[in-house]
Every structure is written in C-alpha cells, then in structure tokens.
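**Q** Residues per chain are reported as follows:
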Amino acid sequence: MSHSAEHTAEAPEILKEVHPAVKPRSAMVGHNRSFNWITEKICGIAEEKTPVWWWWCFAVACIVASFTVAGITYLVATGVGVWGHRNPVNWAWDIVNFVFWIGIGHAGTLISAILCLLRQKWRTSINRSAEAMTIFAVVCAGIFPVFHIGRVWYAWFLFPLPNSNYIWQNYRSPLEWDVFAVSTYGTVSVLFWYVGMIPDLATMRDRFNAVGKTVRARLYGFFAMGWRGSSRHWSNYEMAYLILAGISTPLVLSVHTIVSFDFAVSLLPGWHTTIFPPYFVAGAIFSGFGMVLTLILPLRAIYHLEDLITQYHIDCMCKVILATGTMVGYAYAMEFFIAWYGANPYEGFAFINRAFGPYWWAYFIMITCNVITPQFFWFKSIRENTTLVFVLSLFVNVGMWFERFVIIATSLARDFLPSSWGYYSPSIVEIFTFFGTFGVFSVLFLLFVRFLPIMAIAELKAVTPQADPHAGGDHH
Amino acid sequence: MKRKIEHPAPSERSKAGPRYWRSLDELADTPGFREQLKKEFPQGADSIDGVDRRQFMKIMAASFALGGIGLAGCRRPEEHILPFGKSVEGAVPGLPVYFATAMPLRSWAIPLLAETHQGRPTKLEGNPGYAPHGGASSLLAQASVLDLYDPDRATAHTQEGKAIDLDAVKALLTGVGKAHQAEQGAGLAFLADSSSSPTRARLVRRLRLALPKALWAEYEPVTDEPPPTVARAVLGGNVRPIYRFAKAKRIVSIDADFLQAESGSLAYARDFAKGRRVAKKDDPMSRLYVAESNLTATGSMADHRLRLASSHMLAFAAALAGKVTGDSVYAKAAEGLTATPAWIAECAADLLENRGSSLVIAGSHLPDAVHAVVYALNQFLGSIGSTVDFIFNTKPHTVGIDGVAAAIAAGTVKTLVILGGNPAYNAPVDLGWAELQKKVPQVIRHGYYEDETSALSGVHIAAAHYLESWGDARTADGTVVPIQPMILPLFGGLTQNEVLALVGLLPDADPYKLVFETITAGTGVNAERIFTKFLHDGVLDFDLNGRVMTTAFKPVKVRYNPIAVATYLKGAEAPAKVSLDSLEVRFVADARMDDGRFINNGWLQECPDPITKISWDNAILISPRLAKELKIDSPANGLKQIARKDLAEFDKGRENAHIVELVIGGRKITGPAHIQPGLSNYTVVLPLGYGRTTVGRVGQGTGFNAYAARDSKNPHIVTGATITVTGEKTFLADSQWHWSMEGRDLVREGNLGEYQENPGFAKEVGLEAESPRVVLDPTYGDRTPANKASEIPRGNSLYKTPSFDGVHQWGMSIDLNTCIGCNACVVACQAENNVPIVGKEQVLRGRIMHWIRLDRYYSDGKADAGAFGGEGNMEIPEDPQISMQPVACMQCELAPCETVCPVNATVHDPEGLNVMAYNRCIGTRYCANNCPYKVRRFNFFDWNMRSLDSLYLGPMGPRGMPELVQMVKNPEVTIRMRGVMEKCTYCVQRIERGKIEWKVKRAQEGHPEDVVVPDGTIRTACQQACPVEAIVFGNILDPESAVSKAKALEQDYALLGYLNIRPRTTYLARIRNPNPKMPDYTELPLSRVENWNKNHPAKA
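Chains as they are written, first to last, in my numbering: chain D, 1 to 476; chain Z, 477 to 1576.
What the hints contain is simulated information worked out from the structure, not anything from laboratory work.
Do not rely on the hints blindly, as some may be mistaken.
[Said to hold, decoys possible] Derived pair list, reagent style SDA-like, types lysine to any residue, alpha-carbon separation capped at 20 Å:
| # | chain 1 | residue 1 | chain 2 | residue 2 |
| --- | --- | --- | --- | --- |
| 1 | D | K41 | D | R207 |
| 2 | Z | K1316 | D | G348 |
| 3 | Z | K1128 | D | F336 |
| 4 | Z | K1553 | Z | N830 |
| 5 | Z | K1116 | D | F336 |
| 6 | Z | K1116 | D | R207 |
| 7 | Z | K1116 | D | P426 |
[Unchecked claim] For each label pair, taking beta carbons as the anchor points, the in silico distance ranges come out as:
| # | chain 1 | residue 1 | chain 2 | residue 2 | range |
| --- | --- | --- | --- | --- | --- |
| 8 | Z | H1572 | D | Q311 | 56 to 66 Å |
| 9 | Z | N1234 | D | P162 | 20 to 30 Å |
| 10 | D | Y171 | Z | S1423 | 53 to 63 Å |
| 11 | Z | S1423 | D | S164 | 30 to 40 Å |
| 12 | Z | K1477 | D | S164 | 47 to 57 Å |
| 13 | D | V60 | Z | S1423 | 54 to 64 Å |
| 14 | Z | P569 | D | T187 | 32 to 42 Å |
| 15 | Z | S1423 | D | L394 | 42 to 52 Å |
Only a predicted model underlies this, so the values are computations on that prediction, with no experimental measurement involved.
For every residue, glycine included, the Cβ atom is placed at its ideal position computed from N, Cα and C.
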C-alpha cells in the first residue's frame, strides 16, 4: 500500500500550460534565395534566347489552334448544322466547352483576389500565371457562346445598343446575365493581372535598358506606365491592388453562379436545381486548381523553379482540390437525394437516367475523375509525388469537362416527353473546334511565358525569409 | 459680325441677396473672365476672329464649287410606273382567291377549295360545301399541291426521247385513232388507272362504240373497295357498301383500315368520330372491335384489338358469324382458328345485343368468302339499311392487266396506250410486264412523271396535274365534283380526257367542253347556269323547284342470297399455319406513297408514317416475337434498363435496322426490318410504293420495292414465306424513337365506365393534382387541379406577366378521343407555313422541322414497374394499346421559352400568342431547350436556299430555290433563314387576315367598334384539315365559342400542367369503351395502369 502511495506522490505535476508543438512555417522561397536571385531567375526566362522547345511547342499550338479557326469558319459559313446538335439536344459541346473554360478561369481570380484578401502568402508564386490562365481561359470560353448562335453576325443584339426597331434585351434571360457576368469578369481579370504586373514590367524595362535593348525597354516601359518604384507609387499600387482584389472577390462567386443559372433557371429536370450555384462555384475552383497544377508543374520542371514553387505550394493546391472535389461529390449525392425526396417522377428519372441511361459512361467518368481522384490527395506521399499530382490534375480537368457534358447533354436528351427523346453525339467539326481551343490557350500561354514575368517578382521578394525583419531568429 | 454684349452692372438688391457664381473665376472676377463674358461664342472665340471678306469668298467659293460639281440637279429622275391594266376581275392584290376543285383518287375524289395567290395555287382545303367531309381533307390532298411544282415532273412530250410539241402529240394521237379505225380498233389496247370521272367514263363508252375491238383494261395495284363480284352474287346487284359509322353502336372491323385505306375513308373517319365523341356523362359512344394482322390507324382506335394473321380472317369471320347466327354452315370454315374463343363469343354477344345498330366490315384485300360472310353477318344483324347501305357501283367491269398481258403475249396488240398508272413498276411480277411492253410495236404513255413505264414507251405524253386540268370526279358516295384548273398547264400537259378524245377521234377535244358536255347533258337551256353553279359550289346538285337533288347515289335495295354465301364457304380452305418457317406476308399501300405515285413528293416523304414513325423509307415490319426468334430484338439501352427497350437497335440516336431477306414463293425481297408492336406474331408487312428506279431527285434511293415479290395470284396476302437476317444494317429515319410513355401522365385515358362515374378523371391523373400549393391565393383550395394549372390569378410573381388585354384570347383544344393520327394536320401545317423539308440524313440527325407532330405511344400496362421491384416488362410489348397525341406549340401563357431568350425574339402578344420575331432571333436555341414540349424547330442549315444534298458544302454549294419550288410558298408567311428558331404560331397570318377582313367588313357596315371576330371565322391550317374535327381553335374569352365549350368539358386537361406554364392548347382525355365481359378487358386503360404503377410503386 505504502509503495503505491509513494508511487502516487512521485507522479509528475500537472502541466500549468500546454504549448502546441512548434511547427516551423514552411518557407515560401526555398534555399534562402536572395532578392537578386529571384529577379535574375524570373526575368531571365523572358530575357534568354528563345529555347528550342518553346518553338516546337509554339508551332504545335498554332497548328492545333488553327483547328478552332477552321472549325469556326466552316460553322459560320455553313450553319450550326455542321455540329451534332439535334432537336432535344440544342446545346451540347458548345456550352459544355464554354462552362468548362469559364470554370478553369476561376482559379486565377480566386488565387489573386480571395487568397490575397485572406493573406495567404503562398499565392504569390502562382498568382501571375494563374491569372494569365484565367484570361486565356476566358478568351477560349468566349469563343463558344458567340459562335454557337445561329446568326453570329447579329451577336451584337445581345448588347444594349440603341437600335431603330425598339427591341431591347431581355433581362430575364440568364444568357443576358452571362453576357454581363463574363464580360465583367474578363475585364476585371485583365485589369487585375495588368496592375499586378506593373512593378515587374518596370523591372524588365530597367534591365533591358541596362543592356542597351532600347526597343524592348521602350515596349516594357510603355506598359510599365512610368513606374519608378517610389514609395508613393508603391502606396497607390498597393491600394489599387487591394481594391481590385475586393472587386474581384464577388466576381469569383458571381460568374459561375450566373453561368449555373443558365441551367438552374430553366425548368428542365436535371437543370432546374437550386444547388447549382454553390456546386458550380466549387466545381469551377476545383477545375481551376486542376488546370493551375497542369500548367505550373511542367513550368516548374522546365525552368527549375522548385525554390519558388515549393512543395508547400503544391500541397496547398492539392488540399484545395481535395476540399472542392469533395464538395462537388457531396453535390452529386445531394442532387440524387433531392430528386428522390422531391418525389417528382420527371426529376427522379432525369437523375437515374444520368447514372444508368445511355450516357452512363460519361457519368462514371465524371464520378471517377471528380470524386475519386481528389481523394488521393489525403496522402502526403501522393502530394509529394509531382508526376502523380500532374497526372491526377489531368484527371480533374477531364472529369470537370464530363461533369458539364453530363449535366447538359443527358438532361436534354431525355426530358419531359419520351416522344422527343434523342441521343446526341458530336460531329467531327465540333471535336476539332474544341481541341483547337487548347491550341489557342497554349499559344497565349506560351507567349505569356516567353514575354512576361511569370511570377510576381516584387511580391515574391516580400515573402522571402530575408524580407522578414525577424528572419534568422533575431528577436529585435 | 462681331457683337459686343454689355452685361448690366449688378443692382444693389442683388448685391444684398445671396450671391451665386458660375465658377471660381467669376467669384474672383478676373479680367480673363470678364473678357470671356463678352464673347458670344466663348468656345470658338479663339479660332474664329470674325470673318473677313477674303475668308468669306474662299468658303463660299468652295461651297459653290462643291455644290456645282457633285450635287447640282442630283435628284432621282422621275419615273412613273403604271398599274397593270388587265387583271382578273374582282382580284384584290395580296388577297388569295379560292376556287372549288377536287383531287381524284383511285376510286373516289376529295372535293377541295384551292387557295390561289396571283394565279398560283398554294394551299388546298376541303370543300365545306360537301357535307360528308365537312371541309376536311387528307394527308395526300394536302401534299398534292407540291407535286404541281415538282421540278422533276415530266416537262415535255417526248417521242423516242426527243421532245415534240403539242401539235405533234395531237397529230400522233389522232393518227393512232385513224390507223385503227379501219379494223374497228383491233390491235389497239388501252391500259388505264381507275378513275371515278363521269367524263372519262363517257369518253370510254364513246371510244368503245367507235373502236369496238379495241381492248380497254384498267389496273390498280392496290384495292380499296370490296370485290364487286361478291356483292353481285350475295346481294344480287352491282352494288358496293357505304357505311354509316355515326349510327353504329358496335363496329367489328375484320382487317379493314376504314379510317385510312378504304375508299371514302375521309367521310368514314369523320362519321366514326361522331360516334366516339362524348361531351356529357350519358353520351352514347360506339365500341370498336378490330381483328387485324397489321397495326393500322383503325387498329389504334380499337377498344378491343385481336392480333390475327390475315390468312385467318375467313376463319375468324366464320367463327363470329357462327356465334352470331348460330348457324352451322360456318362451322367448317371456322376450323383451325387460333384466336381465343371467348373473345369471339363475347364480341358476338355484344353485336347481338345491339342488333340493328351494329356493323361488320371486311378489308377490301380479303378473299371473297370473307366478304360474303360479312354481308351475311350484316344481313343477320339488321345492319343493312341501318349502318350499311349499298349503292350503285359505277366502277366499270373491265379487263385487268392480265388481260392486256395475255393479248400482248398473243401478239395481237400493235398499239398500247397506257394512261396513268405505272405498270412497269407495279404490275404483278409473274406477268413479266417490262418484257411484254417491249414487245408492243407502239407504246404511248400518258403520265405525270417520266417513270419506269415511260422509259419503256416510245412516246411519253406529259400529263397535266389535276390543278391544271379540267375534269370531274365522284366522291365515295357518288357525288359529282368538278376539277377546275387553277393555273394553265405549266408544261403544256394534257389531261386523260383529251388523250381519249383525240384517240377516239372526237371532233372537239377541248378539255373544258368535254366536261361541260358530260355535266350538262340533257339540261337544255339551263346548261350554262348549272355548270357555273357546279364550278362555283364544287359539287353537282340540281335545284328542281326548290328541291335540291344531290348527285350522291341513293341506297338501293338488295336481295340477300344465303346460298351464295354457302357456296363461297364451301370453297374455303383451312387457314394456313403460320410460323417462323412459314410466315404470312401482307402487301399494303403505304400511308404516304400510296402505290408509289407520290414518291417524289418531299412533304410526303418526310411525313413520318403514322404508326412506325419512319420517314423517307419503308421497312419490313416484323413483330417483337419474330424479332426475338430472329435474335434481332433491341439490346438494353444504357447500363441498366431504366426506360423501356427501344423498338430497334439505336446507334447514336438513329435506328440501325437489320437488313433481312424475305423469300416469298422463290422471290427475294431485301430490306430493313423494323420491329412493330401489335403485329400478328408471324405476319410480315411490306409497305408498297417505295424502291422506285426511274424517279425524281426526292424519291431517289428511298425504300425497297415490295412489288418485286408480288404476283397476280396472291396480291395482298401470301403465306409460306421465310426470313433470314443478312447481318448487314442500315439506318432508318424515325421521327420518334421512344415509344413508351414511361408511366407519365401525358396522354390521359379512361374507360367509358370510369368517365361516366367521374367525368373529371383526367384531372386526377396528373402530377399537378398532387403538386403542393405554389401561389398565395386564398381561393386556391377551392380550385380544381386544371383550374389551378391554368387560371391562378397572376400577381404573385416578381415577373411582369403579359397583360392579355386583347379582345380575343386564342386557345386550342385537341380531342384525343377522336384523333386517328392520320398526319393531315402535319402536312397542312407544312403547306400553310412554308415548313421546309430536311431530307433523310437530317431527319436521322433529329432535325425534322414539322411544327405539329403526332406522338405515338404504346402501352401494355407493365412499363417500369420493374424499376420499383414490382412485376414489370422492359421489353417491347406484343399487344399494346396505342395512344396518339398531336403536339404543336401550346402558346403557354407563362411561356418558358420567352423568359430565356436574351434578345426578346420570342414574346407574347396581347391576344395570348407566343410570337416569334424571326428577324430578331440570333439562334441561341435556349428557348428550344427550355420548351418542355420540344416543339421549337431550329434552322440548322439554310433549308430553303440550299439543296438537301449539298447542305454541308456551305457557300461552296449551289444557292437558291428553284423557281418552280418558290411558287408553292405561301406569300403570307416568312421564309426562315438559317440560324433562326421557328415554331407554330396558331397560324398568326390567318388570324390577322381574319381580323382585318372582319374589321373592314364591319366598318363598311357602320359598326367599326365591332372588332371581335365571330367564332369559326378563323381556322388554323391543322384544324381545317383535320377529318375528325379533333382540333378546335378560337377565342377563349367568348364562352360560347367552340373552343371554350371544349375546354369546359370535364375531360379537359393540360399536358404537363404541373409546370404552371399554363398552355393555351389543352387536350380532351381519350376515352376507351371496352366491353367488361371481354377476356382482354382491363379496368383502366393500360397507360393508366402504367401511370399508377409508376407513381404508387408500393401498391403495385
């Protein structure tokens, strides 16, 4: 007994205070790189002699882009009939591609604006290229709604221009909302991207000036708008950037919400769903980050940017994909639940048809890519395997394209009256036009890589360890 | 020029008050500002410092120079155009003129009114002056105007391939007459199609008098009247039956498609509908029993339908007669019948209960003995004189094609004149007609097209279209109707009458006079007046001192001869056993191509078959059972069978049909097989009229030729055929490829008993009946479900709904109880609204343009229950009930298409029409996506300006519409270009014209305030064509209008009413009248059973 009592007395004291384990914050820039190194690295990409691989990629991209040009030319000259659309399925790849590209365009602004406001410093190394991706994706997206219409030469009817026949736009139509949502989004994205680039353009101007390349210096100088890096410039710049971030933030949510209204506002079973806005936004962020990874990982490998795009960055992006992918999965499940719970036989059929009807293969591609793929990112080992991350990001892109296809085509193909049911399959023209847009996107992105600072140099420097006055454990 | 302005100095008072200033400069009162104030035009003050003389001269000189050089006298020269002095009297430019005419068919004619615009006929309507049709017309009549403008019609008379002029033709024809005159016509043979024309009959009589030894033969490949020999033997006279369906309470059809295929079907359909229409609980309704092998329009209307091989129809008729009469004479013939005895027994009992008001009909194609039994049945049931009358049969008894063939083979025919028809294509194969025709030294062909027969003829004489001809004809009841030309023959064609008159060496072959003489024979001084009235009215009747005498035949008394019936029965053979190894084959006239004569008509080609829904082709129709045994039944569609199996194998939305080879008596027929529910298990149906070889561009390559296996011995029904699957496949262009309603409440049906207990049953079937309350309206609970769907007061919505303040509110009611699915509305709409055709390739791609379509559903009561664990059948039903539903734009009051159009191209008008502004449409197609009825049609290509074979060439292809085709277009309706959405507008052009005419009329009468058009003045094209008056259109604001009354009926319901889009077109539920004692009786129609099972899975 005494022994045990003794034992009790020897028990350690209860801790007065509990400190969580100190986990060092991941460095935003690896290897303690200097400011100069960063400048040299990023400006060097644009300054070096055009690499051979770039020319090859550019040539291929141009050829692929020409598919879109040819496809659209044929379409406009001949009629929408060259696509595979048919009576019940009046929208198909055209709108699928539109929503797909717009969705991709989401990550850019999300990274730039929302993460900026939330002070997520890891955004700095990827925001520039993500914004570029956004703009180029919006360019690709814009092709489809414009050219899918029957009489493209009257597309200006969509804009509120005064005309003599006194017919105004119909502001009840989600397509009209789209016109404003997408054009606003495009404009703000370009502004945001451009404003953020001004200090870096000035850097490049100065560097070209220093080596006597006056033509390029003038060109960059023109776009740098006389940036001299004065405190006053910096102050205005920071404020402008913050304001733009504030303006962009609601746009991130609004664009895809409004795109989802194209479907949610209709009365078609499978489209007429209130879950669409959040589900579309989550899906868009999901696909956007998928695309960012698809673009950045090769870029990182080619230009050896491992110190700037660190494993921490990749980790963060994978986690966003995991979160949004799971949200999307939840939405898929909830759609089915509501269709069952709503007890509307038309609604119920639309969803059963999606999963088990003639388009079941598309549905299961979607589920596999969008719900199962991101679950791999629970595992650190997978997040750290860059090749695997790249492959999985491709799956995300494919899955999100199929999600739009499933929503659009399956709902239209079998709706209210079985007498009008049909089956849609694309024509070769449609397929080529879509694949061509990857060329368009690549051409633009390659030009961006070649001529513009692909990372925000100034901002990167701000997140280096040296920029922290407390760097090196020196507690002042 | 400079003006100085002195501003007054500020007064004392203003100095004391509050001082206002325009700018800070004014406040500071700078010298600069004071200078500024003095200038009249401060903005331009620094540039123009006054104008000096030199400057003035310079400017003015330049102005004058410019004026002088470029613009002096720049005025358009005045040119005066003068109106065309010579015009048709009474013609108002822009307004159509109507003339009475008639479309001649095989053995009858359809009286018509032709709408002409500036002298060209564009649209045909039934002549309302002919009461039995009541202004209705048929599919073929509606489409026939297109043939007039067919660019592929024979455009010249030819001799040995070289064009000859009209004088040469006339000389040639009189030459033929003269050459054979000496020998009284020996060596001269005529082979004509059949005709009801009194003038032709007169000319033939004359010809036979003049050339008694000439051979006159008539041939029609398809029959639509019972054989006259049977009537002569059994009823003792040259008579044919005419049925009175409106009087019949019980009708038994033995393989007779009297609603579509039999002579006079238009009047029959109308009459039948009268007996079926119910408005009140206790309205009587006829009951239709059908025994048939093929699934026909008539079969789709049946209350009880017995699938039975056509070769068993005699046994069936005999069994029925045995039960009805109790006479043992029928026993032997009834042996070997496989049908359920209870079916026949109960049917017979029902007939007996309704003696005097029951009717039995046999299909014209059936063997003589069946007709004899049917006459006996009608005699026993007391139907003769009540539900069936017999009238004089004008059809001359002539030699058939076999007679001519024999004469040619004997070498006695030196000159053969072929009038109409197309024997080289459709003669029985055992005759070897093509070879025979080549043996004749001189063949003269009179035909509308340069066809297979023309190719083998030395001379082809281009025939005039009936809209270019003077002529006459008889309707099915014998009424004489005129055929008036609406236009001079476009290519100088001749009529048959002219040819006959020329060969018959008549002194005057003027077509007008030929008709005039026939009609006015023996009327003396009244001739002109009678003829004028005849042409004006479109029917021939004589006004004898106030008593109107029609030319319709009076019923004649018949003497029934039972011995003749017994004689017919004695020769009867036991029905052949049918099985997979010994199939029965039926040759039927195609519903659109008829015997093949309409094959180059694009409207008919694109019009889906009423039952199979296939366009641009015919198919070998096989039963689901046979398909299973041949292992070509359709595979599952999707991962799991969630909707019922499709009728055929579908490949990317196109029916990919197996090509099968059918061997009939050693002759092979190869064609695509289409699985057709409702067919007798081992009956294979071959629609005739396709597979033509010498044909215009439209008909080229469509279908297969079923005549190739048809001989003169068994032209309608053959047994002993075998079938093999070749393994190849081909695409068939269906306009509808899912056939099951999937348990949805689309076509709502009830049995008569249920209707009598609960006339509003249709309102309790729909989803809207179970929908929760959607708007805040205190009266909501008191409203009936249909009322909820269509009448909820507006104002609870954020959106501004259309005001609907027009004096008319247009609406439509479609009676599903009477619709027979005949397609007349589809083509009537096409003709009226310039709806383009798109060709097979595009129909396959789901781009058919029809503004009104006929949805056809099959149900067997078992659909989809399986999905919920109950006993279901996901297979194709063998013995389905058929439901038809015409669907056009519903003109929803809260139209979902309107809200989604970004450019306001589709909007509502104050009278409730959902109108299209084609010029505004940019073609987003969102409206079509959001239309739950899928009635919007998109112009994927420039259908009107591009030829159908070069749609994909775009600008590289030829552009423009042939001039001839342009002529058929209705000038009151826009031709839509590519990229534009189009749809039904309730014929807005007719509405507007009706309103204008009424307004003008009332204003002239001194009542300009009376702008409400009386009911019935404005009729939509579909309504006007409908033979069964299923479509009613009018002003729903007027409670007395026909449409309001129809909508007020209890069985009225809105299709997809639960969507709260408030369609202006509503439907009257279909009511079936089954006999509770029948073995196949079900308490609910099968579609209702499916609906119940779907929505109450637990209780199923």
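**Q** If you check each hint against the structure, which ones fail?
**A** 2, 3, 6, 7, 9, 10, 12, 13, 14
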